[in-house]
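Protein sequence lines correspond, in order, to chains A and B.
Just so we're aligned, residue 1 is where the first sequence starts under the working numbering, counting upward by one.
Just so we're aligned, residue 1 is where the second sequence starts under the working numbering, counting upward by one.
It is worth saying that the hints were derived from the structure and are not from the lab.
Some hints could be false.
Simulated crosslink set (DMTMM-like; lysine to aspartate or glutamate; CA at most 25 angstroms straight-line) [to be verified]:
| id | chain 1 | residue 1 | chain 2 | residue 2 |
| --- | --- | --- | --- | --- |
| 1 | B | K175 | A | D129 |
| 2 | B | K162 | B | D187 |
| 3 | B | K214 | B | E116 |
| 4 | B | K88 | B | D180 |
| 5 | A | K229 | A | D279 |
| 6 | B | K88 | A | D129 |
| 7 | B | K162 | B | E137 |
| 8 | B | K88 | A | D3 |
| 9 | A | K44 | A | E31 |
To be clear about the criterion: a stretch of chain B counts as covered by chain A if any three or more of its residues have a C-beta under 8 angstroms from a C-beta of chain A, and this derived list gives those stretches [unchecked claim]:
| id | region |
| --- | --- |
| 10 | 104-118 |
| 11 | 198-207 |
| 12 | 278-287 |
Just so you know, these numbers come straight off a predicted model, no measurement behind them.
We treat Cβ as the ideally placed atom computed from N, Cα and C, and that holds for glycine.
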Amino acid sequence: MRDIITPIASIAASLVVVGILLAAIGINPLEAYAVMFTSSFTSKFGLAELCVKTTPLIFTGLAVAIPLKAGLWNIGAEGQLYMGAFAASVVALYSNLPGYAMLPAMFLIAAIFGMGWAAIPAVLRAKFDLNEILSTLLLNYVAIYWVEYMVYGPMRGKEVYNFPYTDLFPDIATLPRFFGTRFHLGFFIAIIIAIAIYYLVNKTDFGFSLRVVGANPRAADYAGISRQKVIIYSMLLGGMFAGIAGMIEVSGIQLRLRPLISTGYGYAGIPVALLASGDPLLVIVSATLFGFLYVGGSVLQTTYSVPVAIVYVFQSLIVLFIIAGQSLRRRG
Amino acid sequence: MVDPNFIASLLASSIRAGTPLLYATLGEIITERSGVLNLGLEGIMITGAFTGFAISLATGNPWLGVLCGGIAGMLLALVHAFFSITLKANQSITGLMLVLLGLGITGFLGRNYIGEVAYYLDLIKIPVLSDLPYLGEVLFSHDPLAYLAVILAALLWFILFKTRYGLEIIAAGEKPEAADSMGVDVDRVRYISTLFGGFLVGIGGAYLSLAYAKLWTEGMTAGRGWISLALVIFSGWMPQRAIFGAYLFGGLDVLSFKLQAIGVGISYHFMKMLPYVVTILVLLVSVIRKRAAFGAPTALGTPYVRGKKE
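All chains, full assembly: derive it from the sequences and hints.
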């Protein structure tokens with residue numbers, strides 16, 4: 001039976017702890033949560049922003065969930081996202097591709113770069129048994145500073161005064177938006193990919209070997225499934241989703257490359273995947289929850305000037321509570 | 001010709017920059033020696049840095065700040081200890097969440113402290129010795145915590161390798177089932193080591209805000225927690241070797257800063273990248289040469305369950 005108590009109790013417990021923190025700086029938590037709710041769900045713009053924030057989280061949730069099926073922790077979605085965004089931006093700004101080829105090329109190159117960035121920890125894990133949690137995490141910083149270097153240096157735009165931005169992408173390199181809001185095509189791409197991955201995991205041989213390696217590595221050996229291959233493929237797949245998230249962020253929302261294109265979407269992928277217990281369809285649901293936290297977090301910032309760092313607190317607490325819940329269930 | 005004054009001031013600042021690394025490395029050595037892997041150093045350090053700064057600002061007493069920074073570090077370490085020892089959960093993922101938690105909480109609470117000036121630790125110039133040419137500046141003109149760090153390293157070496165309690169810590173990290181059969185309470189030893197380790201890491205953080213930078217900025221640890229993690233491996237889990245490692249990395253930090261100041265063109269962004277690249281490389285070398293050859297505790301990162309065969 002699927003455990004639904006742990007995720008719900010974890011969310012509730014995190015809301016309580018963050019509420020205490022809010023109260024500590026003199027904000028009524030109930031009022032704050034109410035403001036978060038109404039601003040996300042009661043207007044066209046609120047709902048559009050909810051989808052805007054949910055889109056990258058579906059991708060990063062998948063980026064964590066797929067390797068996790070094989071028992072691997074991909075903490076590197078943040079860096080893979082940045083590398084995907086970087087590669088897509090290079091194509092958008094310098095390739096001069098015709099309109100029909102531009103977005104597909106950006107999509108493809110972002111997927112490849114995300115994959116490539118994930119390949120480093122994947123190979124190190126498969127060949128040398130290097131802890132992938134540490135290596136994926138450390139590579140995030142390298143990717144983020146790489147993008148910083150590019151936008152402060154070689155890729156800085158001509159029309160940006162002294163800001164560390166590239167120039168705006170040409171129109172053919174941006175995703176179409178709808179309803180006069182920031183809601184864009186990326187949302188549908190995310191949903192379609194999540195459904196496709198659901199089939200990949202549950203209905204294919206690859207999905208089967210993924211689940212076997214994660215559940216029982218020794219059984220995988222007996223069944224003749226190469227653990228090394230599964231480790232590498234699952235990480236590559238994860239990196240691919242995160243890379244695509246990067247492309248969608250720059251061509252759907254930012255319309256240029258700049259530092260801080262992601263406010264921790266890659267890290268948020270961890271609780272998104274955990275809450276969904278790795279199920280690609282449930283990832284859509286838990287990504288929406290975290291999308292809500294992001295929209296609510298920025299509303300808190302504008303209404304009460306609460307730093308967005310509160311979102312990180314939420315994420316880490318939810319993960320800790322889920323892990324505690326799982327351990328207790330295992331023992332009890 | 002290299003100016004001897006430049007060298008002297010470089011060495012002196014290497015020691016200052018290395019001291020927070022030394023505290024954090026020593027703390028993690030004690031933690032890991034008992035068999036617990038705490039990846040949360042970055043989050044514990046930043047929490048120590050913020051708590052120390054806030055308390056010093058509120059009370060006017062930087063020493064109270066340092067103490068509270070240590071205690072804050074200990075509290076985060078307690079979370080880690082509870083998850084990894086009592087719940088026997090995945091230690092890597094819990095440690096990592098401490099980083100997110102520490103950076104998040106301090107970013108949240110620390111907003112109003114940016115730009116404030118707190119009381120910081122004064123230098124103690126050791127009489128006579130500090131007047132020695134060059135040597136006086138390098139070795140004998142530091143704040144008390146810098147001296148204390150070296151003494152602490154020696155003390156921890158002594159405790160680990162020359163006392164019965166040190167033997168118990170090492171046994172808990174190497175062969176917990178053997179330690180258990182000798183009557184050592186493995187969980188208790190691991191709890192104490194993890195808490196004490198967190199305390200030291202917190203002090204390393206407080207040193208950053210109260211002695212080194214003398215101010216609070218969000219994310220001011222800037223990768224020092226990760227560097228310290230690499231330094232544990234680099235020093236082969238030996239407290240005495242950590243001293244040299246910490247000062248060496250402190251020196252690299254200062255050197256890059258000074259080179260930039262005199263216009264040698266190394267990109268700022270690549271310098272920021274460096275701690276993470278170095279950490280990956282150190283890890284890589286250590287796994288390629290097999291952990292045991294480096295002296296890693298055998299049971300590092302493995303929860304101990306009584307009566308369960310490995």
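So, going through the hints one by one against the coordinates:
1. B/K175 with A/D129: 22 angstroms, holds
2. B/K162 with B/D187: Holds, at about 22 angstroms.
3. B/K214 with B/E116: 10 angstroms, holds
4. B/K88 with B/D180: Roughly 17 angstroms separates the two Cα atoms, so the pair holds.
5. A/K229 with A/D279: 22 angstroms, holds
6. B/K88 with A/D129: 21 angstroms, holds
7. B/K162 with B/E137: 34 angstroms, violated
8. B/K88 with A/D3: Answer holds: B/K88 to A/D3 is near 20 angstroms, not above 25 angstroms.
9. A/K44 with A/E31: OK: A/K44 and A/E31 at ~22 angstroms, within 25 angstroms.
10. 104-118: Three-residue rule met by the region 104-118 of chain B, so holds; n is 7.
11. 198-207: violated (count 0)
12. 278-287: holds (count 5)
Against the hints set out earlier in the document, violations occur for numbers 7 and 11.
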